[in-house]
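Q: This is what each chain is made of:
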Amino acid sequence: MNKRLLPLYVVAAYAFLHVPLLILAVFSFNASKFTVWEGFSLHWYAALAQDRDLIDAAANSLIIAVVATALATVCGTLAAYALWKRASGWISGSLYLSLVTPEIVTGVSLLAFFQWTFRFLNLRLGMHTVILAHVGFSLAYVVVVVLARLRTFDPALEEAAMDLGATEFTAFRAVTVPYLAPAVAAAAMLAFTVSIDDYVITSLVAGVDSQTLPMVIYALARRGVSPMLNAVSTIIVAGLGALVLLSERLRAK
Amino acid sequence: MADDAILQLRGVSKRFGAHAAVTGLDLDVHRGAFFSVLGPSGCGKTTTLRMIAGFETPDQGEILLNGSRIDALPPYRRNVNTVFQNYALFPHLTVRGNVEFGLRRMGRAGIEEKVRTVLEQVRLGDKASRMPAQLSGGERQRVALARALALEPDVLLLDEPLSALDPQLRKQVRAELKDLQRRIGVTFLFITHDQEEALSMSDRIAVMNRGMVEQVGTPEEVYRRPKTRFVASFLGAMNWIGGVGVRPEALTISREANPQGRRGVVVGSVFLGSAVHVEARLDSGEICTAQVAHDAATLRAGEAVSIGWSAADELRFE
Amino acid sequence: MRRLRRLFLAPAAALLAVTLAAPLVIVCLYSLMTRGAYGGVERPFTLENYTRFWDPLYGAILLRSSWIAAVATLLCLALAFPLALFIARSGQKKNLYLSLVILPFWTSFLIRTYAWMFLLRDTGLINTLLQSMGLIHEPLPLLYNNGAVILGLVYGFLPFMVLPLYATLERMDPSLAEASSDLGARPLQTLWRVTLPLCAPGIRAGSILVFVPCLGTYLTSDLLGGSKTILIGNLVQNQFTTARDWPFGAAASLALMAVAMVLLLAARRQGEEML
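Respectively, the protein sequence lines represent chains A, B and C. Quick note on my numbering: the first sequence kicks off at 563 and runs consecutively. Quick note on my numbering: the second sequence kicks off at 14 and runs consecutively. Quick note on my numbering: the third sequence kicks off at 779 and runs consecutively.
A few of these clues could be false.
Said to hold, decoys possible - If you want the ones that stay clear, here's a sample from chain A, every Cβ over 12 Å from chain C, calculated: (1) L567; (2) F591; (3) Y607; (4) I625; (5) L645; (6) S671; (7) R681; (8) R686; (9) G688; (10) F715; (11) A718; (12) A736; (13) Y741; (14) A747.
Said to hold, decoys possible - Using C-beta positions, here's what the derived DEER-type ranges look like: (15) G814(C) with A621(A): 34 to 40 Å; (16) D951(C) with A621(A): 37 to 43 Å; (17) S267(B) with L954(C): 48 to 54 Å; (18) H690(A) with D951(C): 38 to 44 Å; (19) A632(A) with H915(C): 29 to 35 Å; (20) I617(A) with G1004(C): 46 to 52 Å; (21) G150(B) with D951(C): 28 to 34 Å; (22) I880(C) with A593(A): 33 to 39 Å.
Unchecked claim - Selected chain C positions facing chain A (Cβ under 7 Å, derived; list incomplete): (23) F786; (24) L787; (25) P882; (26) I889; (27) L903; (28) T906; (29) L908; (30) Y996; (31) N1016; (32) F1018; (33) S1031.
By construction, these hints were calculated from the structure, which means they are not laboratory data. Backbone N, C-alpha and C define an ideal beta-carbon position, used for all residues, glycine too.
Start from the sequences, fold in the hints, and give me the full structure.
A: Set out below in structure tokens:
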């Protein structure tokens, strides 16, 4: 009985996981704005290109993601290396905590903290607070990916390098970093994905003039189903999907 | 004699937690020698090698290279290089890249020339552009050798370099290593648990057990005149008969009665090709093994035999 | 060597201090303070924010959140197990099937939640289809209720359940199932008496990985839930924005954190250390 039911079930399960997004994609090409198919059209994609707010928000999201990813990847890789050399309960525990804390708690605590510091610093919420928040929650992802790769690295290689005259740092740079490169790239892509998509934390610490793409999407979704939303969703899902596939390929090396 | 010692260890000790890995080690390695440190696993030989290379620091004692202390220096400042047990070749670099690695770091000129020379010495001249993954085990070992030798170290440390090779290859590589060392003249410090390797290759052997050196001497000295029971048992086979040790090759065994010998009964025999090992139980109860020539009369289990040896071959210990 | 390590750890440590430790300290402090006249925080230290949870209104929120999270977790478990079993036994195509599960998860949680809005609304695809087929005349209220939230949660976190189950099943010795069969157990019995019990670590890990985020969910209940589906996440967000009662919001956050921590620590005793 199991033999025949199981594959059927599995097909249904995969359909459940993928069909909703496929439907969004399909309807993004719908000429009409109702959920009745009225013909193929690229009309909504064109509308996207002309929506100033959307484009600005997308630009903000990209800037934030690129900067946050760069910072998180560098800090995370160095930290993973240090942890690999010798474990640190505090750091590992904190990273674990940052991974498992519900987003809403991270968001409000950052908001509270930032507002508190603004009593002494002459600052307001803006791109910089968003970037800092993003680096904060991406860090743990980077460490996990790079650390996993490090655990397959033979420490004798660094010793050999030092034996041949390289200092600790040179050994790291000339031998370990090349080995880590695919994992670092994969981690960066992961951090980028997580940053582009974040809504909860970003919405709390963004302030008035730094709208990000998820914030715009959220507002549109709240207001009513807009076909433009289908279009932007399709673009994002396709883009991030490709990025994630690439990241998995690199991790498998 | 001490003037000729290129490497000296004085009273070196190292503990790991409650475990004393090395205790009060004294060692003199002469310039240009093929010096082996032989011992079972856990005897402290690897720890000793790592302390000389600089990956561990001694808790007590001094390590001197050419008369100056190096025990406080990091590995990259010691003129000592290591051939690691698993070779530790950099997987992302070619053979040439691996060999010139140390040279780049020290900023020496004439790198090209040096690399070519040393690759010729290990007979890998035509494989310079290969990647480590494309090489055989034996070839990888030669790259590790070339890489270390390129820096012209005062002492070359070899950490059980033959253990990763096929048994077939080992004998051949043994001869090659010995030959290489003689040609180049660099002092080799060779770590192994295989006594046959140590005996066949070394100028001098230090036998270690439980963190201490039990004897240092030429292969002949440690084999024929072992100073302790441990050394006697570890090098070659040993029969213990009534508190006295006798090597199997020193025993005579035959059906003919030997008035000065002991009486016994054959338990079994093992044919080794070039020799035969006959096991016999003596009247006094001990079981001993005698080595007989391949063409001697075949002794069968249950036969009564006489076993004898000359007093000169006896080894006694306190 | 020690200096290099400290240097390498410093940036991450600083980041964690600023984005994790300090904020949490502030939240703890605020949870013990009083709401200010204009929405800030003020001096009198008090435990009032915590005692407010005895109020049945907030108790109901806690209960509702736990119930929804529990139902979502159980559904995930039921749905993920056969899928994980299939993938673990699929031989060479394992990685392909696994990526097909992981891929949607990493694209965009927001968009995936929106997708269900598109499907479930009164003017959404499902209602339109059913109406056009003449099966119904009025749109069904599929959206803005607890059910929709649970659906959204299951959709969102199913991969989180599949992965640990798959990991445990993949490592299982196939000869155990064979032995069970050899001893007379029929396939379903083998599943119940051998495979499932051996899967316990994976079930535990997956359940925690799903339950905790579900408990603290904000987006799903905000977009898919109705005005009656206020969960802890929504409560916290509300206190920090519209209601401007930061101390109470802080207390609610810590309550949420506490529950999450307890569950996670309980499950971590034998887990694989990723960090």
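Q: Would you pick out the hints that fail for this structure and give their numbers low to high?
A: Of the numbered hints given earlier, those the structure breaks are 1, 5, 6, 7, 16, 17, 18, 19, 20, 29 and 31, listed in rising order.
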